[in-house]
Amino acid sequence: MKHNRCMNVTLGSSLLLGAVLVSSQSLAAGQITFVSQGGAYQEAQTVAILDPVAEALGITIHQDSAPDAWPMIRTQGTTGQAVWDVVDTPPFHCVRGGEQGLIEPLDFSRIPNAESMPDEYKTPYSVAYEFYSSVLAYNPDAFDGNPPQSWADFWNVEDFPGNRSLRNHPLGTLEAALMADGVPLDELYPLDVDRAFGKLEEIKPHITTWWTSGGQSAQLLYDGEVDMVMMWNGRVSAIIEEGASADFTYNEGILQNTHLCIIKGAPNLDTAIEFLNAAIDPEYQANLPLHIDYGPGNPAAFDTGKISDERAQELPSSPENAALQVLSSYDWWTSPEGEEAERRWLGFMQQ
Amino acid sequence: MLVLMLPAILVVFTLLVVPMGWLFWQSLYAEGGFSLEHYRRIFSEGIYWNTFALTFRISFIVTLLALLMGYPVAYAASILPQRWAMLVLALVILPFWTSVLVRAYAWLILLQRSGVVNQTLMASGITDAPLPLVHNELGTIIATVHILLPFMVLPLYATMQKIPYDLMQAGASLGGSPLHVFLRVFLPLSMSGVLAGMTLVFVLCLGFYITPELMGGGRTVMASMLVSRNIQLYSDWGAASAVSVVLLVCVLAIFYVVGRLISLEKILGAK
Amino acid sequence: MNHKLSLGRILFIGYVVLVLLFLILPVLIVVPMSFSDSRFLSFPPSSYSLRWYEAFFGHAGWMSAARTSLIVACATALIATPIGVAAAYAINASSHWIMRYLKIVLLLPLIVPVIIVAAGVFFIYALSGMLHTIPGLIMADVMLALPYVVTAVTAGLHGFDKTQEMVARSLGMNRFRSFMTVTLPQIKPSVLTGAIFAFIQALDETMVALFISGGRNQPLTVRMFTALRDEIDPTIAAISTLLTAGSFALVMMMVLARKQTPA
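Residue numbers (the working numbering), protein chains in the order written: chain A, 1 to 351; chain B, 1001 to 1271; chain C, 2001 to 2263.
Some clues are possibly wrong.
Claimed, not checked - Below, a list of computed lysine-lysine pairs in the DSSO-like style, where the Cα atoms sit at most 30 Å apart: (1) C:Lys2188 with B:Lys1266; (2) C:Lys2162 with B:Lys1162; (3) C:Lys2188 with B:Lys1162; (4) A:Lys306 with A:Lys122; (5) B:Lys1162 with B:Lys1266; (6) C:Lys2162 with C:Lys2103; (7) C:Lys2188 with C:Lys2103; (8) B:Lys1266 with C:Lys2103; (9) C:Lys2188 with C:Lys2162; (10) B:Lys1162 with C:Lys2103; (11) C:Lys2162 with B:Lys1266.
These are calculated hints, taken from the structure and not from any lab test.
Working from the sequences, and respecting the hints, build out all of it.
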């Protein structure tokens, strides 16, 4: 008798399990999976953009995060099994992915909010979402009134001793190395990859950690693991607000943006396009700078009256700040040379 | 009887044996035909060579440390009265039941520049400046030893427990000092446990991924990370398969050689 | 002589205690960290709060990951246990030469480095459309759990007197019934051990899941891995305290089950 009950329990639980599996898959309408880069930035855009858009469109937005979305874009594109819909990632991923058939081309007739955006803010596969900058951040306590202010200072280990960290990714890092080596800001592109890796070789022994995600870079500076680090400006501001002893300079920052693009064969393609259009709506875009020091991807956001002039001045893309920085070229990073530089990175890390 | 085996065999066969065969085939396939190109690359390119060298070096160090730390603990557990022995074993097994990820997190707390270990070292005057204990090879090794130590202690204890106490007493009654008895009687009898534990730790370490990825500071690239990056970053199945096959051959060779001395079940049984 | 001996003994005990501290301290330190009020790693925490428990229980992403993990772990135990018991029974009952080799095949998931298992399963799933699905995760975990179930149950069957089942069969029961009524109750503790091992294995599995899960069907470990790599998020400390308490309770259950029926 006893084993009978046991069998019943087993049978019952498998039925229950089946029911759970089926029900979790039948919720398909009005939802998307949106992927960004986690941490303070993802929290900020959830409040500023994602939650209001979800409410306005009556959809559910599932969130995922990936500090480097490229491997997953590749996997999902090449296996034809997409689980993501919309990805917030640097434009060269979108364009390169588009050219390799991993990203959906966009039908701009269905994205009216993109119409007023300048052409350089759009690609056939993506639209600009936000502006940020990779800046030199430091712990002022470690430098006694004379903090590093340029990449040359960052590379100068004698006058600026201390633990350093760079991103475990060539984007921005190669640019910084060339600036440290004396290449003028307006002559950076096309990047001299050999020269950049040569310069990186110099600083490599002094790098404590190669960070992989924005959150990790914030952690390193906050915990005093490193004294200077190249990181994203919004992440520095976030830890300064939390009471960390930290500061940064826009000087020689690398001004970048991320775009929104849609994975090839996205499971919720229609909703994804609807979402994409809403996410670059100037009204929602204007919310972003109120929650993190990043600029809107759609310049029309500045006309909404939500962003005060003082606030605009603080953003990485303000004319005053932009003048100190170099604008990252997604054209170059999409090119075969850019892709090759990315491949070369792994070898560089292992030598 | 074979019918009863069938479901289990089928699962392992489709999810493990078949893909391994396919990996093997992929590693020999390049530019539309049979080729040893991927292997040539592994053995000639610095990236691969360095990675394998690092993987083996870390595995050796971890195995050695685990033995030095694990042997006395297992010995203590085998000679202590039952109640104390149980306590020792419970303390060995408890971290075993804690997620590897959690332990990596704990080691980050302990080893970082302003972490507990560095604070203690500086407060006691051993060092003036914080030591770089994490985000490098050292951090990887410390966390890996912590994770693999139970795999050393348990087979050692299983062997030592079976060494008859009478034998030790006989040795002592013949006038040998305790150290002498230990070296001449106990140590040789525990060697099969030593071999089992070392094999298990070494082999597990060869394929380790999580600790070097989280504690290695981006530059401690072990063989498993090379496999994962080649697949996920570059979709380069040829290179990934060749690295996998080399890794697998090393592991199987170790099991084969050790298996001639002690049974496979003895090595794995303690898990 | 006696004095020297005790000095040696003190050093030995001291060393063993140090090693045990090395083992146990990192596990314990996570508990106070989980009640920290700060998002950063300073220890001891400057003030205490439940915010990381709230972060876990109040976040849809974490909750859905926890649900995925529980579903997968339960299903793994439910599937791996019966097929593992069947295989162990066959290994024990038959003396055919092929059994020895089949047993090694069943131990393969323990022998092959898990990264290779992960790459292989990823490949098979990419072909068959099982990537990022819950059934895919379950099957992979069943495979990884089989060696534990088979080993535990074989050990249990080893101590069992086969003639009892023979007697039952001679009384006219068929093989299945005699197994269920005579053998199974006696090897229950080792079957339970195997099931719990399978459950915990599935709950703790990270590497294969990193390759084959994605989107909404991520288990807890994958989310924890990314949270740890990307944010060093203290929510992990809260989860781990819960997990440690949970697996500790399971182990205690296992010990109690053993005590009740000495095998």
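Going through the hints against the structure:
| no. | hint | verdict |
| --- | --- | --- |
| 1 | C:Lys2188 with B:Lys1266 | holds, 23 Å |
| 2 | C:Lys2162 with B:Lys1162 | holds, 26 Å |
| 3 | C:Lys2188 with B:Lys1162 | holds, 26 Å |
| 4 | A:Lys306 with A:Lys122 | holds, 24 Å |
| 5 | B:Lys1162 with B:Lys1266 | holds, 13 Å |
| 6 | C:Lys2162 with C:Lys2103 | holds, 20 Å |
| 7 | C:Lys2188 with C:Lys2103 | holds, 21 Å |
| 8 | B:Lys1266 with C:Lys2103 | holds, 14 Å |
| 9 | C:Lys2188 with C:Lys2162 | holds, 15 Å |
| 10 | B:Lys1162 with C:Lys2103 | holds, 25 Å |
| 11 | C:Lys2162 with B:Lys1266 | holds, 24 Å |
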